[in-house]
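J.: This is what each chain is made of:
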Amino acid sequence: MQKKQYKSSLGELRTIIKSIKVREREISFETKDEMWKNIQASTICKTVQLRLFLRYAAVIALLAATGLYLYFHNYDNEIIDYELFISENIEVQKEAKNVVVILPDQNVIEVEDSNVELVLDVQGEMSINAKTVNNKSLSKHSSINYSQLWVPYGKTSSIVMSDGTKVWINSGSHVVYPTKFSEQKREIYVEGEVYLEVTRNPDCPFVVQTNKLEIEVLGTSFNVSAYKNDDSQSVVLATGSVSVRDAKKEISTTIKPNQRFTFENTTKETRIENVDVLGSISWKYGFLLFEKEKLDKVFRKIERYYNIPLKYDSKKMKDISLSGKLDLKENIEEILQIISITVPIEYEVRDNEIEINIKTTK
Amino acid sequence: MKTIWEQFINNDENAFAALFEETSGPLYKYGLKFMADEDTVKDCIQDLFIKLYKNRHSLPKLENPTFYLFRSLKNLLFDAILQKEKVVYLSPQEISFHADFFYDNQEEPVDDNIKEKFEEVVNSLSDRQKEAIYLRYQADMSYDEISKLLDINYQSARNLVHRSIEKIRSAIKN
Numbered sequence: 001m002q003k004k005q006y007k008s009s010l011g012e013l014r015t016i017i018k019s020i021k022v023r024e025r026e027i028s029f030e031t032k033d034e035m036w037k038n039i040q041a042s043t044i045c046k047t048v049q050l051r052l053f054l055r056y057a058a059v060i061a062l063l064a065a066t067g068l069y070l071y072f073h074n075y076d077n078e079i080i081d082y083e084l085f086i087s088e089n090i091e092v093q094k095e096a097k098n099v100v101v102i103l104p105d106q107n108v109i110e111v112e113d114s115n116v117e118l119v120l121d122v123q124g125e126m127s128i129n130a131k132t133v134n135n136k137s138l139s140k141h142s143s144i145n146y147s148q149l150w151v152p153y154g155k156t157s158s159i160v161m162s163d164g165t166k167v168w169i170n171s172g173s174h175v176v177y178p179t180k181f182s183e184q185k186r187e188i189y190v191e192g193e194v195y196l197e198v199t200r201n202p203d204c205p206f207v208v209q210t211n212k213l214e215i216e217v218l219g220t221s222f223n224v225s226a227y228k229n230d231d232s233q234s235v236v237l238a239t240g241s242v243s244v245r246d247a248k249k250e251i252s253t254t255i256k257p258n259q260r261f262t263f264e265n266t267t268k269e270t271r272i273e274n275v276d277v278l279g280s281i282s283w284k285y286g287f288l289l290f291e292k293e294k295l296d297k298v299f300r301k302i303e304r305y306y307n308i309p310l311k312y313d314s315k316k317m318k319d320i321s322l323s324g325k326l327d328l329k330e331n332i333e334e335i336l337q338i339i340s341i342t343v344p345i346e347y348e349v350r351d352n353e354i355e356i357n358i359k360t361t362k
Numbered sequence: 363m364k365t366i367w368e369q370f371i372n373n374d375e376n377a378f379a380a381l382f383e384e385t386s387g388p389l390y391k392y393g394l395k396f397m398a399d400e401d402t403v404k405d406c407i408q409d410l411f412i413k414l415y416k417n418r419h420s421l422p423k424l425e426n427p428t429f430y431l432f433r434s435l436k437n438l439l440f441d442a443i444l445q446k447e448k449v450v451y452l453s454p455q456e457i458s459f460h461a462d463f464f465y466d467n468q469e470e471p472v473d474d475n476i477k478e479k480f481e482e483v484v485n486s487l488s489d490r491q492k493e494a495i496y497l498r499y500q501a502d503m504s505y506d507e508i509s510k511l512l513d514i515n516y517q518s519a520r521n522l523v524h525r526s527i528e529k530i531r532s533a534i535k536n
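So the protein lines, in turn, are chains Y and L.
Each residue of the first sequence is one higher than the last, beginning at 1 in our numbering.
Each residue of the second sequence is one higher than the last, beginning at 363 in our numbering.
Note that these hints are calculated values from the structure, not bench results.
Among the clues, some could well be false.
To be verified - DSSO-like, lysine-lysine: derived pairs with alpha carbons at most 30 Å apart:
#, chain 1, residue 1, chain 2, residue 2
1, L, 364, Y, 21
2, Y, 166, Y, 325
3, L, 529, Y, 180
4, Y, 32, L, 416
5, Y, 268, Y, 315
6, L, 492, Y, 21
7, Y, 294, Y, 228
8, L, 492, L, 446
9, Y, 37, L, 477
10, L, 510, Y, 166
11, L, 477, Y, 21
12, Y, 268, Y, 297
13, L, 446, Y, 32
14, Y, 297, Y, 228
15, Y, 268, Y, 284
16, Y, 37, L, 416
17, L, 535, Y, 21
18, L, 510, Y, 18
19, Y, 21, L, 529
20, L, 413, Y, 185
21, Y, 212, Y, 228
22, L, 413, Y, 166
23, Y, 166, Y, 249
24, L, 479, Y, 256
25, L, 364, Y, 37
26, Y, 37, Y, 256
27, L, 510, Y, 32
28, Y, 32, L, 413
Could you put together the complete structure from these sequences and hints?
T.: Dropping the structure here:
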């Protein structure tokens with residue numbers, strides 16, 4: 001009798017145990033994906049110090065592969081002459097009417113689409129507009145392989161880097177980047193204009209080099225404008241914080257969200273001012289936003305985007321300012337038409353260029 | 363056949379991804395029991411995997427990596443809670459544990475009265491009793507593993523679970 005009772009009580013317990021449930025919040029696919037990206041971003045960039053000879057081995061392998069000159073500092077950080085990188089391939093770029101990717105082995109990929117999206121995964125594999133490009137053989141030789149992207153006037157592009165950082169590249173820009181980030185630093189070189197959303201990784205700073213400035217961040221979004229034919233270079237911060245230095249490290253400053261840092265190329269003057277971020281990054285969304293912008297600057301931006309030369313007297317245009325939004329989906333004549341309603345200009349379309357003059361009042 | 367864990371500590375990148383794929387769900391659920399703030403739980407899980415990756419060459423061979431990860435996550439959460447709440451806890455065993463228990467059986471319908479009684483008695487259990495039940499019946503941990511997660515000895519872990527179940531049983535019966 002005793003035994004039977006015990007048995008039934010066991011069965012009862014089993015029923016109870018089976019009936020105890022917990023309302024759980026399941027992990028969403030997005031959450032999982034986001035976490036995995038962050039984990040990967042932190043595990044790519046090795047915080048373990050590579051021994052010196054290994055680093056040099058990598059650099060020498062690169063040197064041998066591409067025949068580049070590299071400048072070494074006394075520190076353990078090697079400085080790469082990015083400008084030389086770009087100038088070596090200047091011929092390819094001069095001829096290109098499309099977005100061009102130059103791989104570390106000097107193979108050139110030309111993409112005809114007007115907007116080109118590049119994605120680099122953790123293994124350094126690349127896809128262009130969702131098509132995988134076989135560049136696997138490259139990564140075997142050395143840990144750092146530099147690729148180059150040239151976005152001509154009239155085109156735009158974006159790259160998702162191996163750490164998840166996204167870079168939007170405006171017309172008329174060069175970007176030099178490693179196929180896969182390694183060692184202690186994530187670094188890219190920019191000539192032209194880019195907007196970045198950097199994946200946060202406190203152990204591994206992200207550095208954007210231009211020919212004049214060095215912008216260092218941990219995780220943030222910001223715009224860099226460093227066109228060689230502009231008088232100044234600027235950095236505008238959307239979120240987070242970045243520090244900006246000049247090449248000689250004489251100037252070093254930190255900027256906050258909604259601030260613009262400007263560096264005058266000739267006088268080396270710098271200034272920080274509060275700005276509307278949207279104005280600086282609007283090109284990324286396919287429109288241009290101006291607030292009391294001088295006309296010569298407006299025209300230069302339009303020229304770059306449409307890749308049609310505009311002929312105008314910049315001294316005269318400097319006296320006129322423009323505010324408002326221009327939709328870059330319109331064609332250039334419509335854009336100029338809209339501008340001519342607001343400000344006193346007239347334009348004449350010729351074969352290869354458009355001439356713009358100040359309207360003479362009679 | 364090597365387990366995922368063995369492959370992972372032997373430097374297999376795919377095994378690292380598989381380990382995350384397999385354990386991130388249970389870890390997320392367990393973590394949320396200690397704090398409602400999802401972001402902190404996510405941060406701690408990320409930290410956990412980054413640390414795992416960095417230390418993969420010095421990690422031990424494990425039979426049940428989920429248990430090991432649960433324990434590491436609990437410690438990371440404890441540190442995060444200390445920093446965030448600025449409350450002094452003496453040990454991880456003092457952090458509250460919120461699990462939303464309910465009573466239901468697929469095979470036979472359960473009386474609403476019993477459901478209510480169950481919720482009442484479950485709410486009267488201590489946080490550690492709730493955690494022990496959760497670990498035993500939801501996360502399928504052994505008594506040995508429960509004892510390590512709660513920092514008590516094997517017999518105490520058994521007693522904790524048994525007494526909680528007994529309490530639930532007698533409450534439902536009346």
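J.: Each hint should be assessed against the structure and marked as holding or not.
T.: Hints versus structure:
1. L/364 - Y/21: The given pair, whose Cα atoms are some 33 Å apart, is violated under the 30 Å limit.
2. Y/166 - Y/325: holds (25 Å)
3. L/529 - Y/180: violated (58 Å)
4. Y/32 - L/416: holds (20 Å)
5. Y/268 - Y/315: holds (22 Å)
6. L/492 - Y/21: holds (12 Å)
7. Y/294 - Y/228: This hinted pair holds, its Cα atoms lying about 19 Å apart.
8. L/492 - L/446: Given that 30 Å is the threshold and the Cα spacing comes to 24 Å, the pair holds.
9. Y/37 - L/477: violated (42 Å)
10. L/510 - Y/166: Roughly 43 Å between the alpha carbons, so the hint for residue 510 of chain L and residue 166 of chain Y is violated.
11. L/477 - Y/21: holds (11 Å)
12. Y/268 - Y/297: holds (20 Å)
13. L/446 - Y/32: Given pair residue 446 of chain L, residue 32 of chain Y holds - Cα atoms ~24 Å apart, limit 30 Å.
14. Y/297 - Y/228: holds (14 Å)
15. Y/268 - Y/284: Holds - the C-alpha atoms of residue 284 of chain Y and residue 268 of chain Y are around 28 Å apart, at most 30 Å.
16. Y/37 - L/416: Measuring from Cα to Cα gives roughly 16 Å; hence the hint holds.
17. L/535 - Y/21: holds (18 Å)
18. L/510 - Y/18: holds (24 Å)
19. Y/21 - L/529: Holds, at roughly 16 Å.
20. L/413 - Y/185: Satisfied, since the Cα-Cα distance of roughly 19 Å is no more than 30 Å.
21. Y/212 - Y/228: Distance ~10 Å between residue 212 of chain Y and residue 228 of chain Y Cα, so the pair holds.
22. L/413 - Y/166: Roughly 25 Å separates the two Cα atoms, so the pair holds.
23. Y/166 - Y/249: holds (27 Å)
24. L/479 - Y/256: Between residue 479 of chain L and residue 256 of chain Y the Cα gap is close to 57 Å, so the pair fails against 30 Å, i.e. violated.
25. L/364 - Y/37: holds (26 Å)
26. Y/37 - Y/256: Distance ~26 Å between residue 37 of chain Y and residue 256 of chain Y Cα, so the pair holds.
27. L/510 - Y/32: holds (28 Å)
28. Y/32 - L/413: holds (18 Å)
The structure shown violates the earlier hints numbered 1, 3, 9, 10 and 24.
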